[in-house]
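Protein chains: 2
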Amino acid sequence: MAQKVLIVYAHQSPCSFSAGAKDAAVEVLKAKGCEVTVSDLYDMKFKATATAEDIIGEVKNAEHFRYAQETKLAWEEGRLSSDITEEQRKVTEADLIIFQFPMYWFSVPAIMKGWIDRVLTPGFAYSQEKRYSQGMFKDKKAMLSFTTGSHEPMFSANGIHGDINVSLWPLQNGILHYCGFQVLAPQIFWAPSSQTPEARKSMLDDWCTRLDKLMGEEPLSFPPLDYFDEKHFQLKPDVAEKFVSQEFGPALGVHLGKPLPHNSQVKAGV
Amino acid sequence: MAQKVLIVYAHQSPCSFSAGAKDAAVEVLKAKGCEVTVSDLYDMKFKATATAEDIIGEVKNAEHFRYAQETKLAWEEGRLSSDITEEQRKVTEADLIIFQFPMYWFSVPAIMKGWIDRVLTPGFAYSQEKRYSQGMFKDKKAMLSFTTGSHEPMFSANGIHGDINVSLWPLQNGILHYCGFQVLAPQIFWAPSSQTPEARKSMLDDWCTRLDKLMGEEPLSFPPLDYFDEKHFQLKPDVAEKFVSQEFGPALGVHLGKPLPHNSQVKAGV
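Going down the list, the protein sequences come from chains A and B. With the working numbering, the residue at position 2 of the first sequence is 61, and numbering never jumps. With the working numbering, the residue at position 241 of the second sequence is 300, and numbering never jumps.
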């Protein structure tokens, strides 16, 4: 059966390097027999802000509007706005989601944050029980593919912006892994606008080579949900005990006061 | 002279705990003689997405639109859209900016990310030379004040979400400190919706107590810009040498492979 890929794409210009990366992914994946869908957020004029208009009909508590509670209920009752429902349908069908964007302020651009805030509603994307390694989307893969303005050494553990692994943790653990996705290593295009046209082409060629085998890649490692107790979600004492003699904790964020595992957010098998 | 405070506020409901925290700040700071301005982003229907409409008149390269370059030029020529210009005026006048929001997906809601993406344009908020400790806004203070859905232990170094300090680094280093702001410790309201009314009131009382002395607080520590060389922005060898025998590196992100300094993103003097 054909693998289905959703590319959530955020760049204003079809001439951008980001567009080139998106187009390359569409081309290579289609050539491999995948069904590829692109959500071109700027082109769609995707609504970024989480408001009561995201719910069709009456909200439960207009006086004290609470977005998470209201959208959970609206999802259950099929009353989310059509743009959200349409994106949720794409997510449900997808085996892999690629988020393609230029890094804005150490994160995704607002329009993509809006997609995350509005599409990944409680009930649909997670519940108290279905999170992390037991998450809703544990049979799906997701990855970040992004350009930076800065060169790679600036995002190192002795560079001015600090270790890129730290900045990726909230995105990859807090959003993708939170929903259960198997997180593939990010594709980072370092400062393409500072490169020669040949170097840019070479970056895209490398991406195409990777895309060819992408679906078979091992995902990044995150601690399984059962490492944590079910009441306070703390590392279980017997699990913590196992890490006492180890160099690193179970994950970058779950570091137990130890040094961070090297490159755990950019490379599989770490 | 009266201190000027700008509160950038993002919640949909005036009955929310976030609104209460914002209202408390307005009240306490006004009572202390501060001039307080609130940018109520949902009420303003603040545009979150970075598009060519943010520039008045012709863009330089419509074919290959590049947001950073176009907005830098538009800022220089006074051709940014009026909503951006108005927010930039508030930033210029402010001595302190408080970002008040509910945490969405380990970060700010999209509407607030849109304020960051659109208002903090190159030229106005930073340049190659004016960043970090030499940043444009080094005589100003800024801070995050936010609510979470999860309880505090879940955001610890042995909790399921990982150390909150890690998730704060990209926001506080990559946005606030990047622009030069002296970053005050964040005000974190842990899971107010799971608390009793009394506990919620107590959280707001603590905030009011803190607000009374807020302007005199010592900011969080970040490494000074001159720790890094001017070419590749790597820690200078003589500076790195000083940290060899130390327990921690110069900052959470600039960790040099050492354990992370405890609570450096939530407490001053660390």
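Among these hints, one or two may not hold up.
Pairs count within a copy or across copies, as identical chains cannot be separated in the list.
[To be verified] The calculated lysine to aspartate or glutamate pairs, modelled on EDC-like cross-linking and capped at a C-alpha distance of 16 angstroms, are:
#1 K290 - D271
#2 K290 - E211
#3 K106 - D265
#4 K104 - E257
#5 K197 - D154
#6 K317 - E306
#7 K301 - D264
#8 K326 - D82
#9 K149 - E300
#10 K104 - D198
#11 K272 - D99
#12 K119 - D264
#13 K131 - E188
#14 K104 - E152
#15 K131 - E277
#16 K106 - D82
None of these hints come from the bench; they were simulated from the model.
Each hint, compared with the structure:
When the C-alpha separation of K290 and D271 is checked against a cutoff of 16 angstroms, the pair qualifies neither within a copy, at 43 angstroms, nor between copies, at 36 angstroms. Taking the closest pair of Cα atoms, K290 and E211 come within 16 angstroms of each other only across two copies (13 angstroms); inside a single copy the shortest separation is 40 angstroms, beyond that limit. For the identical chains of this complex, K106 and D265 are neighbours neither inside a copy (33 angstroms) nor across copies (36 angstroms), given an alpha-carbon limit of 16 angstroms. Taking the closest pair of Cα atoms, K104 and E257 never come within 16 angstroms of each other, the shortest separation being 33 angstroms inside a single copy and 43 angstroms across copies.
Within a single copy, K197 and D154 get their C-alpha atoms as close as 10 angstroms, which meets the 16 angstroms cut-off; across copies the closest is 46 angstroms, which misses it. When the C-alpha separation of K317 and E306 is checked against a cutoff of 16 angstroms, the pair qualifies both within a copy, at 7 angstroms, and between copies, at 11 angstroms. With identical chains, the CA atoms of K301 and D264 are never at most 16 angstroms apart, being 42 angstroms at best within one copy and 42 angstroms at best between copies. For a Cα distance limit of 16 angstroms, the shortest separation of K326 from D82 qualifies neither inside one copy, at 24 angstroms, nor across copies, at 45 angstroms.
For the identical chains of this complex, K149 and E300 are neighbours neither inside a copy (42 angstroms) nor across copies (52 angstroms), given an alpha-carbon limit of 16 angstroms. For the identical chains of this complex, K104 and D198 are neighbours neither inside a copy (30 angstroms) nor across copies (38 angstroms), given an alpha-carbon limit of 16 angstroms. Proximity of K272 and D99 under a CA criterion of 16 angstroms is satisfied in neither setting, with 24 angstroms inside one chain copy and 47 angstroms between copies. Taking identical chains as interchangeable, the C-alpha atoms of K119 and D264 are never at most 16 angstroms apart, the minima being 51 angstroms within one chain and 30 angstroms between chains.
When the C-alpha separation of K131 and E188 is checked against a cutoff of 16 angstroms, the pair qualifies only within one copy, where the shortest distance is 15 angstroms, while the shortest distance between copies is 46 angstroms. For the homomeric pair K104 and E152, neither the shortest alpha-carbon distance inside one copy (22 angstroms) nor that between copies (33 angstroms) is at most 16 angstroms. In the homo-oligomer, the alpha carbons of K131 and E277 never lie at most 16 angstroms apart, since the shortest distance is 32 angstroms inside one protomer and 41 angstroms across protomers. Proximity of K106 and D82 under a CA criterion of 16 angstroms is satisfied in neither setting, with 23 angstroms inside one chain copy and 28 angstroms between copies.
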